[in-house]
Amino acid sequence: MEEIALMNRADRQKILLEGAKKEGKISWYTTLIVDQVVRPVKEAFEKEYPFLQVEFFRGNAERLVQKMFAEYQAKRYDVDIIDGTVSPTMVRRANLLQRFYSPALAEYPAELKDSQGYWGSTNLYFFATGYNTRMVKPNEVPKTYEDLLNPRWKGQMMWSTSRGSGAPIMIGTILNTMGPEAGKAYLQKLKAQNIAKSTASNRQILDLTIAGEYPLSLHIFNHHAYISKSAGAPVDWQPHEPVTATIQTIALTKNTPHPHAAMLLLDFVMSEKGQKVFQQSNYLPAHPKVPAKQADLKPGGGRFKRAYYIDPDVQYDKGNDWVEYFNNVFMK
Amino acid sequence: MAKQPSTQAYDFSLKAAGDRALRNAAALGTAFHFDVVTCVMIAVLLVTGYLVLPPLYSVVQTSLFTTRLTGEIDQFTLQYYRNLLSELRVLGPLLNTLYFSVGASLLATLLGGAVAWIVTRTDAPLRGLGYFTAFASFGTPFILYTIGWLLLLGKAGPINSWLKAWLDQSGPVIDVYSLPGMIFIESLLWSPFVFLMLAAAFRSMDPSLEEASAVCGARIWQTMRRVSLRLMLPAFFSVVLLIFIRSFESFEIPALVGLPGDIRVLTTSIYLDAQKLPPQYGNAGAFSVLLMFIVAATLYVYFRITREGDRFHTVTGKAYRPAVIHLGRWRYIAASGLFLYSLVLLLLPFLIILWASLLPFYIQPSFEALDKFTLKNYITALHFPKITDSIKNSILLGLGSASAVMVLTLFASWLLVRTKIRGRWLLDLLTTLPLLFPGIVMGLAILRFYLFVPIPVYGTLWILWIAFVTRYIPYGIRYTHSGLLQLHKELEEASYVSGASWSRSMRRIVLPLITPSFLGGWIFIFLLSAKELSMSVLLVSPQTPVVSVAIFELWENAQVGELAAFGVIWSAILVSVAIVYYLITRRYGVQQS
Numbered sequence: 001m002e003e004i005a006l007m008n009r010a011d012r013q014k015i016l017l018e019g020a021k022k023e024g025k026i027s028w029y030t031t032l033i034v035d036q037v038v039r040p041v042k043e044a045f046e047k048e049y050p051f052l053q054v055e056f057f058r059g060n061a062e063r064l065v066q067k068m069f070a071e072y073q074a075k076r077y078d079v080d081i082i083d084g085t086v087s088p089t090m091v092r093r094a095n096l097l098q099r100f101y102s103p104a105l106a107e108y109p110a111e112l113k114d115s116q117g118y119w120g121s122t123n124l125y126f127f128a129t130g131y132n133t134r135m136v137k138p139n140e141v142p143k144t145y146e147d148l149l150n151p152r153w154k155g156q157m158m159w160s161t162s163r164g165s166g167a168p169i170m171i172g173t174i175l176n177t178m179g180p181e182a183g184k185a186y187l188q189k190l191k192a193q194n195i196a197k198s199t200a201s202n203r204q205i206l207d208l209t210i211a212g213e214y215p216l217s218l219h220i221f222n223h224h225a226y227i228s229k230s231a232g233a234p235v236d237w238q239p240h241e242p243v244t245a246t247i248q249t250i251a252l253t254k255n256t257p258h259p260h261a262a263m264l265l266l267d268f269v270m271s272e273k274g275q276k277v278f279q280q281s282n283y284l285p286a287h288p289k290v291p292a293k294q295a296d297l298k299p300g301g302g303r304f305k306r307a308y309y310i311d312p313d314v315q316y317d318k319g320n321d322w323v324e325y326f327n328n329v330f331m332k
Numbered sequence: 001m002a003k004q005p006s007t008q009a010y011d012f013s014l015k016a017a018g019d020r021a022l023r024n025a026a027a028l029g030t031a032f033h034f035d036v037v038t039c040v041m042i043a044v045l046l047v048t049g050y051l052v053l054p055p056l057y058s059v060v061q062t063s064l065f066t067t068r069l070t071g072e073i074d075q076f077t078l079q080y081y082r083n084l085l086s087e088l089r090v091l092g093p094l095l096n097t098l099y100f101s102v103g104a105s106l107l108a109t110l111l112g113g114a115v116a117w118i119v120t121r122t123d124a125p126l127r128g129l130g131y132f133t134a135f136a137s138f139g140t141p142f143i144l145y146t147i148g149w150l151l152l153l154g155k156a157g158p159i160n161s162w163l164k165a166w167l168d169q170s171g172p173v174i175d176v177y178s179l180p181g182m183i184f185i186e187s188l189l190w191s192p193f194v195f196l197m198l199a200a201a202f203r204s205m206d207p208s209l210e211e212a213s214a215v216c217g218a219r220i221w222q223t224m225r226r227v228s229l230r231l232m233l234p235a236f237f238s239v240v241l242l243i244f245i246r247s248f249e250s251f252e253i254p255a256l257v258g259l260p261g262d263i264r265v266l267t268t269s270i271y272l273d274a275q276k277l278p279p280q281y282g283n284a285g286a287f288s289v290l291l292m293f294i295v296a297a298t299l300y301v302y303f304r305i306t307r308e309g310d311r312f313h314t315v316t317g318k319a320y321r322p323a324v325i326h327l328g329r330w331r332y333i334a335a336s337g338l339f340l341y342s343l344v345l346l347l348l349p350f351l352i353i354l355w356a357s358l359l360p361f362y363i364q365p366s367f368e369a370l371d372k373f374t375l376k377n378y379i380t381a382l383h384f385p386k387i388t389d390s391i392k393n394s395i396l397l398g399l400g401s402a403s404a405v406m407v408l409t410l411f412a413s414w415l416l417v418r419t420k421i422r423g424r425w426l427l428d429l430l431t432t433l434p435l436l437f438p439g440i441v442m443g444l445a446i447l448r449f450y451l452f453v454p455i456p457v458y459g460t461l462w463i464l465w466i467a468f469v470t471r472y473i474p475y476g477i478r479y480t481h482s483g484l485l486q487l488h489k490e491l492e493e494a495s496y497v498s499g500a501s502w503s504r505s506m507r508r509i510v511l512p513l514i515t516p517s518f519l520g521g522w523i524f525i526f527l528l529s530a531k532e533l534s535m536s537v538l539l540v541s542p543q544t545p546v547v548s549v550a551i552f553e554l555w556e557n558a559q560v561g562e563l564a565a566f567g568v569i570w571s572a573i574l575v576s577v578a579i580v581y582y583l584i585t586r587r588y589g590v591q592q593s
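Those protein sequences? They're chains A and B, same order as listed. First residue of the first sequence: 1, per the numbering used here; consecutive thereafter. First residue of the second sequence: 1, per the numbering used here; consecutive thereafter.
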């Protein structure tokens, strides 16, 4: 298994093809949205390799990992590939990932792949403040973190409690980029703004902003605001530099039942060709040479320059502290 | 209750006859009859134990041990109980939880009970509307229903804008993100359950007691207060208890409605804490163990109350079809009450969801939005992966779980109500416990159990079926228990005396008479299982998609319009099933009044 995963020689593709033909399928546990991106990727991949069938199971990070762990404990090895912003890291901590080599990885910068070869990345998420354009005049739009402290916004903002994409991540960015002292001082002032919290997802919170319930939604995905804006909704997004970014990582499991086929899929999703599928699905490709369909959603596209990438390991290790900080400061 | 000399005297001769008959029967066939009872008891205990004990073990274990990243049990700890204690020491969340649970259970019982009474016992027009509303609103996916209300009652929502214009105020008039808002939505969600259960109970009520009261010159409302309502005590207690527990441990409404308004309940911090990695469900486990003790104590009290079960028998050997109460002029007021209930429970949230489903993005109701109408969301929803498989699976699961639960709980209730066999308390406890298991802990327990036990159900629909049956036993038992409690044992005794076997008596006497409760419970569990989420997300496999998980996916990731379109389609399917069911059951007297 390890041999196949780490193989780096001239006839690699040939060996993978031969092996994959015998395996016939791949099982992918994914946190990506089936309807939006998993299906297009599956179709494009199966077109490239007609003898392979991609089966997927979609769930949030926690459930995917729990399912996989339970199966592994019962020595039932169903899953080949697992993805997510934090799920591959969890699996790695349990020592259940297999390092791999893929020629596509060479094209990626260091922050978008694991130094030891445990994960690569498929796409990126950038967070911004969403605002209702009917309720917030252009000159009022909060441009910086400081602007969010304007008394005008007291009780007018909402954010999600989600560990992976909501308030805890924003708290993490603030503490890490401003430094613990200044960060905490800022967050104390932010607390006084009485931000409404909800367990709803970032998408739903943005929809509440579109509906006019809260003029501002903090820390939403910028591409969600863009998609709604394109449909004519009164909404836009405003980045605060450095923009928080999380990485959708993808990894190979330790006892992958279809190693050859799995490697072909990993190669594909990280290749330029596979990345174009992400692009066409309105996702933000991780590949540096593949721009977003709407270029200004990625850094350097015109609307923001710097991104602060939250390393999956940092997200895993510090995430509990951020959740704790949120519970202690904002929930009291 | 104690002051009913006339009716007691009236019952006496029949009862004495029954007792005599029973003695005769006992002389004839004691051995046989009791053997059957023991066998049924053993079978029911085995099945229930098999279903309930593994998750119970898991819940207790979860509350007492830390787990490793991979989910293995690690070290013994009392930390989770200490956390719970410190949480309980802060008065705010505890009080909010109590207000919320008491408020929701009382309001839901009041609403559902009033509607059930009008529908089953009076001659008010529009009575069919009660059933339709209950079925249809229960078929609406939970998340969608709540979102519908938030959109309606939100700061920028239509109700607030009308009220603002009407009362000439600048700010929002109603704050939905508040304790009353939470109670309102939660009790609306549960009122169909109350309605279905109490409608069954009202319909099987002995009219002679009410007639006696009327003969003695009591007015309608006096009869209601002194006789009807008191006879319904066990049924009332059942629903209040159940809704109280469900609200006490629920976190959906508190999270979506309470949290934005900074209303914290006990489950809020448990929920937020469960976001930590590696996942620890200890706090949730400790919380449910605490609830188990509270519920065990409550059940004990309940047992004491209903121990003299004879007092609540309302179906006896006499002609028992309850008399219709003629309301006179009041019937139109009752009908408008029904209409109002239907409007609030069903029509308003449904209309706003329908509205959202027809728009490319959400716009508050207005004329200018009309020209944006589109079917795009419906096209997206119909292209959802494996949608037909999901619908088929969900319906199959609903049919399977509802039937299995009702049959199992009918036997269990019969043992609880009708026999004095030892170990009944155990059965009662076992059948109530699943109510208290946190969905995620129970889902994990079942997942692990069937990965290790060599029964090949993992990855199939069967594992979901097993999980659903276990989860809904407590609901089934509430229906069959209060149904049987009303059934006087003289009817069965008469059957034994006439030489019928136990199974024949069950088939020919008990089953037909308990049909209203049985079918009420059946449809309730069918609709409930169509919504089950917390276990399903863990137990589904790529080959066995179900609708509730698809809706959850949309809820987490899709725009509100797409979620709404999917919800409208699914509600339409469930309502059609419910209407077919309604037409069929009408033939069996469930809906005669």
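Certain hints may be false.
[Stated by the list, open to error] Cross-link-like lysine-lysine pairs, in silico, DSBU-like; alpha carbons within 30 Å at most:
hint: 1; chain 1: A; residue 1: K137; chain 2: B; residue 2: K164
hint: 2; chain 1: A; residue 1: K189; chain 2: B; residue 2: K276
hint: 3; chain 1: B; residue 1: K489; chain 2: A; residue 2: K276
hint: 4; chain 1: A; residue 1: K47; chain 2: A; residue 2: K254
hint: 5; chain 1: B; residue 1: K276; chain 2: A; residue 2: K332
I should point out that these hints are in silico values taken from the structure, not numbers from a laboratory. Here the structure is a predicted model, which means the values were calculated and not measured.
Query raised in the report: Honestly, which of those hints from before does the structure not fit?
Result: 3
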